[in-house]
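Number of protein chains: 2
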Amino acid sequence: MKIGVVQQKYHGSKILMLEATVTAIKALKAEGAELVVLQELHQDRYFCVNENVENFMLAESYEEDVAFWAKVAKESSVVLVVSLFEKRAVGLYHNSAIVFEKDGSIAGKYRKMHIPDDPGFYEKFYFTPGDLGFEPIETSVGKLGVLICWDQWFPEAARLMTLKGADILIYPTAIGWFDEDCEAEKARQLDAWMTVQRGHAIANGVPVVAINRIGKELDDAKVIDGIRFWGNSFVVDAQGAYLYRGSKDKEEAVLVDIDTSKSEEIRRIWPFLRDRRIDAYEKITYRFID
Amino acid sequence: MKIGVVQQKYHGSKILMLEATVTAIKALKAEGAELVVLQELHQDRYFCVNENVENFMLAESYEEDVAFWAKVAKESSVVLVVSLFEKRAVGLYHNSAIVFEKDGSIAGKYRKMHIPDDPGFYEKFYFTPGDLGFEPIETSVGKLGVLICWDQWFPEAARLMTLKGADILIYPTAIGWFDEDCEAEKARQLDAWMTVQRGHAIANGVPVVAINRIGKELDDAKVIDGIRFWGNSFVVDAQGAYLYRGSKDKEEAVLVDIDTSKSEEIRRIWPFLRDRRIDAYEKITYRFID
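Protein sequence lines, in the order shown, are assigned to chains H and L.
Under the numbering used here, think of the first position of the first sequence as 1, with each following residue one higher.
Under the numbering used here, think of the first position of the second sequence as 1001, with each following residue one higher.
Hint data in this document are derived by calculation from the structure and do not stem from the laboratory.
Just so it is clear, CB atoms sit at the ideal spot from N, CA and C, and this is done for glycine as well.
Careful, some of the hints might be misleading.
Beta-carbon label-pair distances, calculated as ranges [said to hold, decoys possible]:
(1) L/D1279 x H/D279: 13 to 23 Å
(2) H/E264 x L/D1179: 17 to 27 Å
(3) L/S1261 x H/E54: 34 to 44 Å
(4) L/P1271 x H/D225: 16 to 26 Å
(5) H/G32 x L/D1220: 50 to 60 Å
Not everything, but these chain L residues come out facing chain H in the computed CB check (under 7 Å) [claimed, not checked]:
(6) W1153
(7) K1164
(8) I1278
(9) A1280
For lysine to aspartate or glutamate, the following DMTMM-like pairs were computed, each having C-alpha atoms within a straight-line distance of at most 25 Å [to be verified]:
(10) H/K124 x L/D1279
(11) L/K1186 x H/D275
(12) H/K109 x H/E19
Take these sequences, add in the hints, and give me the full structure.
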């Protein structure tokens, strides 16, 4: 499976972002990409840095955005995973990933299930938690287990995608550091982020792709300084071994070739799916067991 | 929480193992250990390297073994986690961890829930899967989420222990390489083993302790060459950062001080337990979703 991974900074406007992204997709297609994956909310800056009702305007173009990316997928004849701010009804919004087939048709949609909320990442203000569940999206290149950012910390999401036959897990992401944190803490956060996702690859015997943005984005409300997105987009195989690891501060459009037969190989010798104690897991659906 | 971690080779006989282990426990107590954790099936060589009915004899002393370790815990006044071959009835055996209080009383027992079976690790022949579920054991030093070896690959086990209030996850282990594998594959296996467990620490905001044996143990049935146990016992904090990492080939008895308030700190800023989509996890109890 030849995947194009696009790690970007915010270019200052939506128009410039679309141009840069289309250019990257075309270049990856020319290199042989069958599938291209983009970072979370790649059309804009990461606007959830503060709570501002004006930002809901960014979702007004949702239908146009879908039509735009459908055309891009068709023109480049790639399977394309985009991440959009979805207006579903008046006052009802989602953080959604749309997957397009090579002919521009919609293969499927995923609405972010786990929504974060912590200083600088005020997503509960903007996004209603997804109601489409954890369903892999069938495409001509395989069943894509598309999840989004905060979902990456939840082993349940990765497991459910695997049990439903996902060939790969894909996490469009927007995560970064606060400059005021010390270097040791920054290193621990980045390491934890990579480790927990590599853990999903290992526990499930599936490759994992995470795509993150780069660049410092300021908080225009001036409550916090801003976020320095840490890049480090990566691809690991079904044993958790790196196939690609991006820089922390450079734009990248890189083709990564994933050998999906590794899942067959690794699950035969580490057959975790065989040994799961499904008779003893029912309390996973509890909030806490007091 | 001052934990003593004991990484050992097989000393050639049970008597010699008991002597070496008691010596290590006493030394750790002298350094200030409140809790001592031992590797999987630490009384003997790892006998599951082949299937031999003679090995069931090793479980005949189960009641005596429990009495012996109770006395050791009491004499050193430490909470002690041991790993024993439990004979429960004629023809019914478990791979069990017993936790003793400082006064030698039994604080609780865990029977290994996930049982492996692959070349050199024929545990399904010896051990009936546990029927005590995933229950942390309450002790004077905290609630111990004791799991055993193969359990470490299953995020469900770590999650359930966390939901039941475990302050720490503890994995007595016996895992190693085959000498005939290439160095790159050995490195990938070791890395996967550490990564998946560090992932549990991160996803759950709990410290994790894994204790593994060292040394090459031959297969007396000569079907395989044997197993070179890879050591690398480790302790990570609630953010997955290393507090201790043992060698691959040396015996170690090391005191590690875990700051359990880190769970409070990390779960406040990474509140995964807050955001779990318990309304959407029910199919975790399925074998596969066709």
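Tested hints:
1. For L/D1279 and H/D279, the hinted distance range of 13 to 23 Å is satisfied, since their beta carbons lie about 22 Å from each other.
2. The hinted range of 17 to 27 Å is satisfied by H/E264 and L/D1179, whose Cβ atoms lie roughly 25 Å apart.
3. Range check, L/S1261 to H/E54: about 40 Å between beta-carbon atoms, so the 34 to 44 Å window is met.
4. Evaluation of the 16 to 26 Å hint for L/P1271 and H/D225 yields a pass: the beta carbon distance comes to about 22 Å.
5. Between H/G32 and L/D1220 the beta carbon distance is about 52 Å. The supplied range of 50 to 60 Å therefore holds.
6. Taken as an interface hint, L/W1153 checks out: its beta carbon lies about 5 Å from the nearest beta carbon of chain H, inside 7 Å.
7. Taking 7 Å as the C-beta cut-off, the interface hint given for L/K1164 holds, the closest approach to chain H being about 5 Å.
8. The closest approach between the C-beta of L/I1278 and any C-beta of chain H is roughly 5 Å, which is under the 7 Å cut-off, so the hint is satisfied.
9. Hint status for L/A1280 relative to chain H: holds, with the closest Cβ pair at about 5 Å, below 7 Å.
10. Distance restraint check for H/K124 and L/D1279: the Cα-Cα separation of roughly 17 Å lies within the 25 Å cut-off, and the hinted pair is therefore satisfied.
11. Proximity of L/K1186 to H/D275 is assessed by CA-CA distance (about 23 Å); at most 25 Å being required, the pair is judged to hold.
12. With a C-alpha separation of about 23 Å, the suggested pair H/K109 and H/E19 falls inside the 25 Å cut-off, and the hint holds.
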